[in-house]
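Spelled out from the first residue to the last, the chains are:
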Amino acid sequence: MPLSAQDNDNIQSRLLQPVFENPDSSYTQSGSLKLSWTIKDSLLGSELILFELQQSQQKKFDSLLVRYKGSDLASYISGLAEGIYYYRVRSELDGQLSDWSEPIVVVVEHHSLQLAFLLFGLGAVVFLATVVVVVKGSKEEVV
Amino acid sequence: MDHQSAILDTTIGWFLLGGLGLLWIYLGFYWGKKAKSMDGYMLAGRNVGLALGTATAMATWITSNTTMLAPQFALELGIWGMIAYSTASFGLLLFAPLAKRIRALMPKGYTSGDFIRLRYGKPAWIIFLIISIFYGFTWLISMGMAGGILMYALAGIPYEIGMTAILFVCVIYTLYGGLYAVIGTDYIQSLIILIGIVVVGVGVLWHADFSQIHTDLFTKKPELVNVLLPAAIMAIFNNLLFGVGEIFHSNVWWSRAFAMRDGIGQKAYTYAGYFWFPVPIAAGFIALASGALGINVTSPDMVGPLVAANVLGKIGSIVVFAVFFCSLASSIDSLLAATSDLITEDIYRKLINPKANEKKLRSVSAWIIVGLGVLTWAVCMPRIGTLATVLFFAGPMVGSTIWPIASGLFWKKASATGALVAMITGSAIGLLAYFQLGWYTASLIGAAVSMLITILFTAFSKETFNFKQLNETEIGE
Numbered sequence: 001m002p003l004s005a006q007d008n009d010n011i012q013s014r015l016l017q018p019v020f021e022n023p024d025s026s027y028t029q030s031g032s033l034k035l036s037w038t039i040k041d042s043l044l045g046s047e048l049i050l051f052e053l054q055q056s057q058q059k060k061f062d063s064l065l066v067r068y069k070g071s072d073l074a075s076y077i078s079g080l081a082e083g084i085y086y087y088r089v090r091s092e093l094d095g096q097l098s099d100w101s102e103p104i105v106v107v108v109e110h111h112s113l114q115l116a117f118l119l120f121g122l123g124a125v126v127f128l129a130t131v132v133v134v135v136k137g138s139k140e141e142v143v
Numbered sequence: 001m002d003h004q005s006a007i008l009d010t011t012i013g014w015f016l017l018g019g020l021g022l023l024w025i026y027l028g029f030y031w032g033k034k035a036k037s038m039d040g041y042m043l044a045g046r047n048v049g050l051a052l053g054t055a056t057a058m059a060t061w062i063t064s065n066t067t068m069l070a071p072q073f074a075l076e077l078g079i080w081g082m083i084a085y086s087t088a089s090f091g092l093l094l095f096a097p098l099a100k101r102i103r104a105l106m107p108k109g110y111t112s113g114d115f116i117r118l119r120y121g122k123p124a125w126i127i128f129l130i131i132s133i134f135y136g137f138t139w140l141i142s143m144g145m146a147g148g149i150l151m152y153a154l155a156g157i158p159y160e161i162g163m164t165a166i167l168f169v170c171v172i173y174t175l176y177g178g179l180y181a182v183i184g185t186d187y188i189q190s191l192i193i194l195i196g197i198v199v200v201g202v203g204v205l206w207h208a209d210f211s212q213i214h215t216d217l218f219t220k221k222p223e224l225v226n227v228l229l230p231a232a233i234m235a236i237f238n239n240l241l242f243g244v245g246e247i248f249h250s251n252v253w254w255s256r257a258f259a260m261r262d263g264i265g266q267k268a269y270t271y272a273g274y275f276w277f278p279v280p281i282a283a284g285f286i287a288l289a290s291g292a293l294g295i296n297v298t299s300p301d302m303v304g305p306l307v308a309a310n311v312l313g314k315i316g317s318i319v320v321f322a323v324f325f326c327s328l329a330s331s332i333d334s335l336l337a338a339t340s341d342l343i344t345e346d347i348y349r350k351l352i353n354p355k356a357n358e359k360k361l362r363s364v365s366a367w368i369i370v371g372l373g374v375l376t377w378a379v380c381m382p383r384i385g386t387l388a389t390v391l392f393f394a395g396p397m398v399g400s401t402i403w404p405i406a407s408g409l410f411w412k413k414a415s416a417t418g419a420l421v422a423m424i425t426g427s428a429i430g431l432l433a434y435f436q437l438g439w440y441t442a443s444l445i446g447a448a449v450s451m452l453i454t455i456l457f458t459a460f461s462k463e464t465f466n467f468k469q470l471n472e473t474e475i476g477e
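Residue numbers (the numbering used here), protein chains in the order written: chain A, 1 to 143; chain B, 1 to 477.
Same shape as in the complex, but just chain A (with noise of 0.2 Å):
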């Protein structure tokens, strides 16, 4: 039996399906990280399927940011404030847009603001005795 028009898009439209290469679940305390995807192999490469990626801050995508929308297969993510991120990706070809990928969530939780002033009171007193013995010692004789 021929395929009717609209199971030809619902075969398509999960072939260009985007699979996220991240786990389903990360954690970072810098916030930033890295997020990846990949298609079909044969589709790979192509300059003509766009990929759009969304974040949001609720698991529905209630509130959403576009975060990319471009052929790469990669996107950046930095800057990031304390919280729990979740992002979904879809690509468009020929105006044929794709379903939403399983979304995975991303969970930010800086290091503790004592822990930084700690280790940046720390550095500043290496350095300064650092100065403090290379300027004195520069002022003495030779030998």
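Do not rely on the hints blindly, as some may be mistaken.
Only pairs whose alpha carbons sit at most 25 Å apart, straight line, appear in this in silico DSS-like list of lysine-lysine [what the hints assert, rightly or not]:
1) A/Lys136 / B/Lys468
2) A/Lys136 / B/Lys350
3) A/Lys136 / B/Lys413
4) A/Lys139 / B/Lys108
If you are wondering where the hints come from, they were derived from the structure by calculation, not from laboratory data.
Following the hints, put chain B in place on chain A, whose structure we already have.
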């Protein structure tokens, strides 16, 4: 590798790669004619003046790490990231008085390894050599990788071919020209880099809409404009101390101190530090504009070249290509020469064949340059991580050398055991921090631990070192 659109036509990319490569090889042969003795080959006749001295220090410090990592710092750590990277200029500024003292204490010295051996003895010397050679090698790898990434990002030249080409060119001209060729090409490369950075900076300022950049950052990357971003706060002194450690210990900088004429080193390193300071801020700023300019970044170390080339268009991307090629070549050649000197002088001449004549040493040095090139190429072939993760792995080790070097140059009571324990413990605890807390803490922890140990051992030391022992010619005479 992730697909990312190239900016420059691949044919133009090949043409530039070939043209610049042939130019450096020709200049390497031309300047190499001067290198008749071992002092000439390894230390450019110990007669480098202020202009060449400043240019070579600045060009060597403007590496792939400046042009590619500084933008990555801004992309990951925001405004503090840019400033954090600029603090690496303190390494040059603090090394300036050291260069004067090194030249005075060791007028016939060859390497930083010579200093550690004479000052602290064999055990500390072996640990120092392991750290120094490991660091030199990771720096070489990070730049070989950068070469491949750059060629791919700008011109679509495959990573493997771009990386191979830049390593090949640098190995050939360093092999024939020694430090004469390295310093000579550094001078021209530093001019191209400075002119290029001004062109890119003006281009970005011309195209950038500051209110759009501000809105984009607040909407999509809010932490990059947060002055209390914890990772960025941690990174400030970490990067500063990493830079200080790199310069204090590495033979790249010691060989230049030995190569410069009397009275030149301090001025040359000071001027280089001042000239270098604004470069990472300019390079980092363009990364913050990437979102507002609609540029997708697939790998954080690509952000600098991509934004610059996008903003400047096809013609401008030729300038960008030349700048990045020069920044890579000026550092790869220095590292090949300095690491080869270290292995030739400290391992071959001191440990294996003390009676080797100049001809033999020159031949060994040449083979080591080729070997380093081949080894770097082999490790770079599988792209193993971002530039930061590769380079900063050596961070705790170089951080742990700051205090043994500084105290050894200035304190008579700095102890050999203290230096040894400081380098080992600082490296070990710093590496622990690398894995437990993140790369942006490792150098800081390594340096802090090493400082505490050095001070403690010095306080209880009964040794009194005679600095005249550092002048090997006096010992032998």
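We went through each hint and held it up to the structure:
no.: 1; hint: A/Lys136 / B/Lys468; result: holds, 20 Å
no.: 2; hint: A/Lys136 / B/Lys350; result: violated, 33 Å
no.: 3; hint: A/Lys136 / B/Lys413; result: holds, 15 Å
no.: 4; hint: A/Lys139 / B/Lys108; result: holds, 23 Å
Of the numbered hints stated above, the single one contradicted by the structure is hint 2.
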